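For the record, the sequence lines run as chains A and B.
What the first sequence shows, in this note's numbering, is residues 89 to 343, in sequence order.
What the second sequence shows, in this note's numbering, is residues 65 to 460, in sequence order.
If you are wondering where the hints come from, they were derived from the structure by calculation, not from laboratory data.
Using 27 angstroms as the maximum straight-line C-alpha spacing, the simulated DSSO-like pairs for lysine-lysine come out as follows:
id, chain 1, residue 1, chain 2, residue 2
1, B, 130, B, 405
2, A, 268, B, 224
3, B, 204, A, 153
4, A, 268, B, 243
5, A, 249, B, 92
6, A, 153, B, 339
7, B, 224, A, 153
8, B, 92, B, 164
9, B, 127, B, 274
10, A, 163, B, 339
11, B, 283, B, 127
12, A, 268, B, 246
13, A, 153, B, 243
14, A, 100, A, 249
Derived Cβ-Cβ restraints for the label pairs, each shown as a range:
id, chain 1, residue 1, chain 2, residue 2, range
15, A, 297, B, 219, 29 to 35 angstroms
16, B, 224, A, 245, 39 to 45 angstroms
17, B, 188, A, 228, 49 to 55 angstroms
18, B, 219, A, 326, 38 to 44 angstroms
19, A, 201, B, 329, 33 to 39 angstroms
20, A, 162, B, 282, 58 to 64 angstroms
21, B, 284, A, 145, 54 to 60 angstroms
22, B, 219, A, 145, 16 to 22 angstroms
23, A, 242, B, 217, 34 to 40 angstroms
24, A, 303, B, 219, 33 to 39 angstroms
25, B, 282, A, 145, 51 to 57 angstroms
26, A, 241, B, 124, 54 to 60 angstroms
Keep in mind the model is a prediction, meaning the values are calculated, not measured.
Ideal Cβ positions, reconstructed from N, Cα and C, are used throughout, including at glycine.
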Amino acid sequence: MSNIKKAFDHGKAFIPFFTCGYPDIETSMELVRTAAENGADLIELGIPFSDPTAEGPVIQISSLKALENGVKTDKVFEMVRELRRDIKIPMVFMTYANVVFSYGSERFISACSEMGIDGLILPDIPYEERDEFLELCHKYDVDLISFVAPTSENRIAMIAKSAEGFIYIVSSLGVTGERKEITTNIADIVSVIRENTEVPCAVGFGISSPEQAREMAELSDGAIVGSALIRIVEEGGDGVVEKVGKLVRAMKEAL
Amino acid sequence: MSEKRGRFGIHGGQYIPETLMNAVNELKAAYNRYKDDPEFNAELKDLLNNYANRPSMLYYAEKMTKDLGGAKIYLKREDLNHTGAHKINNVLGQALLAKKMGKTRLIAETGAGQHGVATATAAALFGMECVVFMGEEDTKRQALNVYRMKLLGSDVVPVKSGTATLKDAVNEAMREWTKRIKDTHYCLGSCMGPHPFPTIVRDFQSVISKEIKEQCLEKEGKLPDVVMACVGGGSNAIGAFYNFINDPSVQLIGCEAAGRGIDTFETAATIATGKLGIFHGMKSYFCQDEFGQIAPVYSISAGLDYPGVGPEHANLHDIGRAQYVAITDDEAVNAFEYLSKTEGVIPAIESAHAVAYAMKLAPTMPKDKIIVVNLSGRGDKDVAAIARYRGEDIYE
Numbered sequence: 089m090s091n092i093k094k095a096f097d098h099g100k101a102f103i104p105f106f107t108c109g110y111p112d113i114e115t116s117m118e119l120v121r122t123a124a125e126n127g128a129d130l131i132e133l134g135i136p137f138s139d140p141t142a143e144g145p146v147i148q149i150s151s152l153k154a155l156e157n158g159v160k161t162d163k164v165f166e167m168v169r170e171l172r173r174d175i176k177i178p179m180v181f182m183t184y185a186n187v188v189f190s191y192g193s194e195r196f197i198s199a200c201s202e203m204g205i206d207g208l209i210l211p212d213i214p215y216e217e218r219d220e221f222l223e224l225c226h227k228y229d230v231d232l233i234s235f236v237a238p239t240s241e242n243r244i245a246m247i248a249k250s251a252e253g254f255i256y257i258v259s260s261l262g263v264t265g266e267r268k269e270i271t272t273n274i275a276d277i278v279s280v281i282r283e284n285t286e287v288p289c290a291v292g293f294g295i296s297s298p299e300q301a302r303e304m305a306e307l308s309d310g311a312i313v314g315s316a317l318i319r320i321v322e323e324g325g326d327g328v329v330e331k332v333g334k335l336v337r338a339m340k341e342a343l
Numbered sequence: 065m066s067e068k069r070g071r072f073g074i075h076g077g078q079y080i081p082e083t084l085m086n087a088v089n090e091l092k093a094a095y096n097r098y099k100d101d102p103e104f105n106a107e108l109k110d111l112l113n114n115y116a117n118r119p120s121m122l123y124y125a126e127k128m129t130k131d132l133g134g135a136k137i138y139l140k141r142e143d144l145n146h147t148g149a150h151k152i153n154n155v156l157g158q159a160l161l162a163k164k165m166g167k168t169r170l171i172a173e174t175g176a177g178q179h180g181v182a183t184a185t186a187a188a189l190f191g192m193e194c195v196v197f198m199g200e201e202d203t204k205r206q207a208l209n210v211y212r213m214k215l216l217g218s219d220v221v222p223v224k225s226g227t228a229t230l231k232d233a234v235n236e237a238m239r240e241w242t243k244r245i246k247d248t249h250y251c252l253g254s255c256m257g258p259h260p261f262p263t264i265v266r267d268f269q270s271v272i273s274k275e276i277k278e279q280c281l282e283k284e285g286k287l288p289d290v291v292m293a294c295v296g297g298g299s300n301a302i303g304a305f306y307n308f309i310n311d312p313s314v315q316l317i318g319c320e321a322a323g324r325g326i327d328t329f330e331t332a333a334t335i336a337t338g339k340l341g342i343f344h345g346m347k348s349y350f351c352q353d354e355f356g357q358i359a360p361v362y363s364i365s366a367g368l369d370y371p372g373v374g375p376e377h378a379n380l381h382d383i384g385r386a387q388y389v390a391i392t393d394d395e396a397v398n399a400f401e402y403l404s405k406t407e408g409v410i411p412a413i414e415s416a417h418a419v420a421y422a423m424k425l426a427p428t429m430p431k432d433k434i435i436v437v438n439l440s441g442r443g444d445k446d447v448a449a450i451a452r453y454r455g456e457d458i459y460e
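Bound conformation, chain A alone (with noise of 0.2 angstroms):
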């Protein structure tokens, strides 16, 4: 068991993401760090991209401009590290398979462990697909997170039954960006994992309001946010990082 189960220990988790490399290297940092001061349980990292078929136009933007600031997976695990020096709450990655493997499976893996990442989300790698990665991730203590979709019905038990560190539960189909509703009945989805596994799960896809977070989190065990948070970002004028965090605690506070 990683220590990404410790993210949950103190009431509903808060999991914010930010695309390393986004607006630059330091202030993608300072972004985690404000993160973690403001009440952030969990932090989902993400390494840009060139086709992240899974986001909405503002993630993808933001992968687009880090990979153009040279923000490749070399660079950021030198921001890990240097983060990891005073970070102390889970981190997990979040990318596309082909920059894993593209890197050899095994070397990103023991990578990961050794600079303290405690999970890998692959929104590519679904259940049939994940035994390539599983067994590195085993080897390694690198929870690799599943995903359940509003599309999962018969596949959930299946899911859940094997699931570690925490479930993904995706709010609504489509890509990541934020939704004024979401329509689908999470409670239905959450109470059928709760049926197959004790991991917990959060919602994220679409969450925008603090409203929103705490809507989720109640049908749930935690609610991630990242296209409201990197909006914040694109918007750009002074104190990005105090609004990043401001919105941060008021999310966490809302849960």
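Please build the complex by placing chain B on the supplied structure of chain A, with the hints as guidance.
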């Protein structure tokens, strides 16, 4: 060949978001239900023969053969199909399958626009809604095809993200599919993507090699010695190869787009320059940098301008059953002009890549050998671009 869980050797698989898993499972179940269903196949055959103009001719290119002075060259005239390319074979199959599944809306990606036009055509015929995603760059290169799709009643969405070409159109079509699954079938245009797409597309395109075999036996009393086709994702090539895979005397050659050359960054020759990776739902070869970032690729041909290759081709390459060669823009344009002047046939610039390799290979082979070139599409759509390539300033 093992196709368990959609694998071709080590390639293939289903590397897609959980949101899409039940959609591809539903597609797989429907395909297994209908692929051997006599009624479905009769309906499809009727569409292919009476709507799409199959079987396509196997044409003996006598002037070209004599001019090159070597092996006998036949052209498989997929350019004479309705909508002007092989793409219609797959689209009619998938659209019919989608209809059986109760889907009322088709989405598709397109590069050169041929697959988009074919999908828009099938949607019009079946009374289905249709949205085609096309890289913004390609909408400029192939403006006429954009209007053609609109004329057929489809929406065309120009994709601005990434390199604004075919791979980005696939990204956007996949994103759209995750948004709207219930009534929508993603009509993928090549033998790529997650299982079962590479198998479905190959099966629907394999009519090409089935016909080549029958026609060649009828005309020549023997099998061809070489079958060649251009390869982007590789659907026309896998269609032309498939029924010959178990005939070891038939050499199979795929012609990739080298762009400005495989030693430059402006290339789309995946097997020549790519490495193993995971992208667009499959494990296969991809043009990418050392950190797995997908490379911006280039070819004069919008239809071959793709950084990956279908998983079955990747495996045919691994096991040495097919050879893959790279053809530059210059060679393809020369072949485009050569075939136009020599045979009075204007090939698609994609297909011209295969013609170019036939021009190299034929003179090295004895006269009793037979080469079949799959002429996957016609070149009307490319005339303006080739004119520009030659420095002519014309209105489209």
